[in-house]
Amino acid sequence: MVKILLLGLSGDTGCQIAAVGLHEKLLAILKANELVYAPTLMDAKEIPAKIDVAIIEGGVRTEHEVELAKKIRERSGVLITLGSCACFGGIPGLANLKPGDELLGKVYSQKGTVLKEMPAVDIMLPKQQPIGDYVKVDFKIPGCPPEMNDIATILTTLLSGGTPELSKTDVCELCPRERVGEYSKKLKRMYEEVADPKRCFLEQGFLCMGPATLGGCGAPCPQAGMPCDGCRGPTAGNSDQGLAMLDALTSLTREANENFSLPQYVGTIYRYTYPSSMLARVLNGGKKK
Amino acid sequence: MTETIVINPLTRLEGTGKVKIEVEGGALKDLQFSVAAGPRFFEYLLTNKQAEDAPRISERICGICYVNHHLVSVKAVEDAWGVEVPEVATLLRRTLNAASFITSHALHLAFLALPDLLPIKNRNVIGVADANPALADVAIQLHEYGNRVVTEIGGRLVHVVTSVPGGQTKGLTGEARYKLLREGRVALGNARKIADAYFGLYEKRANDPAEYMGSDTPYMGLVDKDGGYELYDGDIRVKNGKGEKLLQFPAQDYYKRLEETTSGHSFTKIQYLKDMGPIGGLMRVGPLPRMNVIDKMRWGTAAEYLKAYEKLFSRPTNDTAAYNLARAVELVASVDEVLDGLANDAITTERTREPVKARAGVGYAFVEAPRGLLHHSYEIDERGIIKAANIVAPTTFNHKSIENNLRQYAAANADALARKSTRQDAMWGIEKIVRAYDPCLSCSVHMVEVDLTVDGERHTNRRDTQ
Chain A
1207 MVKILLLGLS GDTGCQIAAV GLHEKLLAIL KANELVYAPT LMDAKEIPAK
1257 IDVAIIEGGV RTEHEVELAK KIRERSGVLI TLGSCACFGG IPGLANLKPG
1307 DELLGKVYSQ KGTVLKEMPA VDIMLPKQQP IGDYVKVDFK IPGCPPEMND
1357 IATILTTLLS GGTPELSKTD VCELCPRERV GEYSKKLKRM YEEVADPKRC
1407 FLEQGFLCMG PATLGGCGAP CPQAGMPCDG CRGPTAGNSD QGLAMLDALT
1457 SLTREANENF SLPQYVGTIY RYTYPSSMLA RVLNGGKKK
Chain B
20 MTETIVINPL TRLEGTGKVK IEVEGGALKD LQFSVAAGPR FFEYLLTNKQ
70 AEDAPRISER ICGICYVNHH LVSVKAVEDA WGVEVPEVAT LLRRTLNAAS
120 FITSHALHLA FLALPDLLPI KNRNVIGVAD ANPALADVAI QLHEYGNRVV
170 TEIGGRLVHV VTSVPGGQTK GLTGEARYKL LREGRVALGN ARKIADAYFG
220 LYEKRANDPA EYMGSDTPYM GLVDKDGGYE LYDGDIRVKN GKGEKLLQFP
270 AQDYYKRLEE TTSGHSFTKI QYLKDMGPIG GLMRVGPLPR MNVIDKMRWG
320 TAAEYLKAYE KLFSRPTNDT AAYNLARAVE LVASVDEVLD GLANDAITTE
370 RTREPVKARA GVGYAFVEAP RGLLHHSYEI DERGIIKAAN IVAPTTFNHK
420 SIENNLRQYA AANADALARK STRQDAMWGI EKIVRAYDPC LSCSVHMVEV
470 DLTVDGERHT NRRDTQ
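Same order as they appear, the protein sequences are chains A and B.
Adding 1206 to a residue's 1-based position in the first sequence gives its number in the working numbering.
Adding 19 to a residue's 1-based position in the second sequence gives its number in the working numbering.
These are computed hints drawn from the structure, not numbers from a lab.
Take these hints with a grain of salt, some might be off.
[Stated by the list, open to error] With beta-carbon atoms standing in for the labels, derived distance ranges:
#1 B:E373 - A:K1251: 31 to 41 Å
#2 B:G101 - A:Q1470: 49 to 59 Å
#3 A:P1403 - B:L200: 20 to 30 Å
#4 B:R438 - A:G1492: 19 to 29 Å
#5 A:P1403 - B:K293: 40 to 50 Å
#6 A:K1394 - B:D49: 51 to 61 Å
#7 A:E1230 - B:V25: 48 to 58 Å
#8 B:V25 - A:K1404: 53 to 63 Å
#9 B:K376 - A:E1252: 35 to 45 Å
#10 A:T1359 - B:E323: 35 to 45 Å
#11 B:I298 - A:D1402: 52 to 62 Å
A virtual CB, placed ideally from N, CA and C, is assigned to each residue, including glycine.
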């Protein structure tokens, strides 16, 4: 019986919900092992002294979360980060684009808010960071959320002592959309035109993160008529998804796109990975966090 | 001597929250219900982003109510741009929204709330599966059905992708439609089984108003043009516990009708109805309020269950115990609505969207999420870039009313809370009430911020005077 902890930090619980979607497969995993702490699913209130496998969702945004991550690391044999917030910082990390103090001024000047008292529940950190910036992570399961089958296969392999492997390809690998080798020179917005459902989005001028994103998901978004938005983070061996996308854009279109601007597209090419990107580090004076 | 009791973390619910209770001399001194999930600044991070990306970004607020965030977000952008979508797109979205209720309610009723109502020792998912394997099985099938509808229409499970200003990027094939219809009839039977189990439990229950308590608050929910049950469109109706209609207004009147303030002990903001002020205007939203504000159910099976509900609770009722039973009625209603949508031939129309033009403007939208009303509004510039965003989730609306409900219970049970021998049960009573609301704590984190430490230096935040 492997003792499992399942916890969400600053995130949306979506990864745990994706895991719940496994139904029988999840129940089988839970029954064959011992779930010792999982506030979303059960009533245990204390972090146990000994954990074999800790699975953590969400990024780190408060001091309490840093302490939790450290405590769990000390008490766990293996620590797995589940989902792109935990692995790379995720969408909430886009708020890191603004310095913390400026952020505060902004959110407080909203119309319709009468400020009475400062909340003092916890101490906020200036930025959202991935868990790996605070403690050692043994294995990452990326995705927003990770694909259900990935969760099942990876957990089963890890729990039986094996070393799971992530895809070595990009999202385009399994995308059925056709490429004919001609690219639009202008970037288009999704609402402006109804895209040809059979042809590659990038060729048609719609920014699709497929070439810069870790594969293995089966390209469900392009198949549902939407470009990939990069939720699985960078491909194997590539640490910066946004730069990889810029590289793909310039090499595929053979010339820089005339209407591309970083401020407008930073939320597209770094949607899930900004806190762990080189851009963030450059803007942060070379520091990681 | 003051004794402080803390329930932390609250369990079997979405997100991170805690309750702090202070008891002195056998009486309640103070109680604080806190949302402790770290704020994620979604309203800020949506600014300067392309408006068409908002549905995909903002749904990451919540792993349970993602469908509702996705839909309300696209509606807000379309409202700003003055866009009308094709009939098929509305039909697909309504069906998608209803399907999210099936999944969410099945999960909550069978696995999160049921352990509170059954005499089982192991109060969790596995406990329910062991005590009542047949019911757990039905719930899993229903959860799977909701997920299949969401995946088919939304393109992907947990974080759907298909809504874009102007319509949907993916339609439904005839084959997929018939498959979902066929499975939907089984799902309706399964929803009835879960609802019947709840009605069975509630019929046997003493119906003791002291168990969950609850007081007369404004109740807020959507209604269609005939005052009927509505989850996707329509006006916001407000009624009080006496059944008097206080207000009815369209989404665009948000700032005329609602205001918000902050609390020192929670990361969530506090909403109230301006007309009734910061205390009298603290509302409740969700399954029970929806039953309180509507005149009727739109579909047959659900109408039958609403009638059965009326035998156990008056409509309106202030008794928080009715939340679970109202949820059971809604589980049936949501399968009804999915079947209704799928039965409409227009749902397989091939062209599901039209190209649209961005323009400068402000857009407002509401939908009902499983936990209650959900609001997004955006200010968008002429290039289609978001300049400001406001997001109010159901638990933001409910937050203060939940705290008041807990306070009411803790005051009545202060003695039991003070004594060690009875404390455990009284604390469980508190958690039971929180859970009845099925709060979504990560959703509710609506950027009330807080003590911020930047490089070791603590910043306090002051509201800019405007």
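Status of the hints after comparison with the structure:
| no. | hint | in the structure |
| --- | --- | --- |
| 1 | B:E373 - A:K1251: 31 to 41 Å | 53 Å, violated |
| 2 | B:G101 - A:Q1470: 49 to 59 Å | 23 Å, violated |
| 3 | A:P1403 - B:L200: 20 to 30 Å | 24 Å, holds |
| 4 | B:R438 - A:G1492: 19 to 29 Å | 58 Å, violated |
| 5 | A:P1403 - B:K293: 40 to 50 Å | 47 Å, holds |
| 6 | A:K1394 - B:D49: 51 to 61 Å | 57 Å, holds |
| 7 | A:E1230 - B:V25: 48 to 58 Å | 37 Å, violated |
| 8 | B:V25 - A:K1404: 53 to 63 Å | 58 Å, holds |
| 9 | B:K376 - A:E1252: 35 to 45 Å | 56 Å, violated |
| 10 | A:T1359 - B:E323: 35 to 45 Å | 44 Å, holds |
| 11 | B:I298 - A:D1402: 52 to 62 Å | 57 Å, holds |
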